[in-house]
Amino acid sequence: MRISHIAMYVRDLEVVKEFYIRFFGAKAGELYHNPKTGLKSYFLSFDEGTRLELMNLPEMQDQKKVLVRMGYIHIAISVGSREKVDAITEKLYEAGYDVLSGPRITGDGYYESTVLGPEDNQIEITE
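Start counting the sequence shown at 1; every next residue gets the next number (full-length UniProt numbering).
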């Protein structure tokens, strides 16, 4: 058994899609649009088959995001090495994204950083 994909609603599909393509090498499928409901979405594919679905509905209302809350809190992306964690974190910082922590070794031995991506979604970058 495996998780097929994770989905998230976003305000700006194009901005979020380009973020994952630029910094994490995602490959985007074709834009899906359901004219009846107004739903638009992209499936982003990453190495080894992981997929992220980005969705938007025109009438959506955003909820205030806080760093510590109930429910899903972040997406973790393994990039393969400490050097890549460092390099991607630096690129994100230089592009104006907030680095919340790291790169660092956590108390349980993981090497990671956490950044605030588009629309204030947390992304954990691991080796």
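Misleading hints may appear alongside valid ones.
[What the hints assert, rightly or not] Calculated cross-link-like contacts (lysine-lysine; reagent style BS3-like; alpha-carbon spacing at most 30 Å):
hint: 1; residue 1: K64; residue 2: K40
hint: 2; residue 1: K27; residue 2: K84
hint: 3; residue 1: K36; residue 2: K84
hint: 4; residue 1: K91; residue 2: K36
Source of the hints: derived by calculation from the structure; they are not laboratory data.
Let me make sure I understand: some of the numbered hints might not hold for this structure. Which ones are they, in numerical order? 3 and 4
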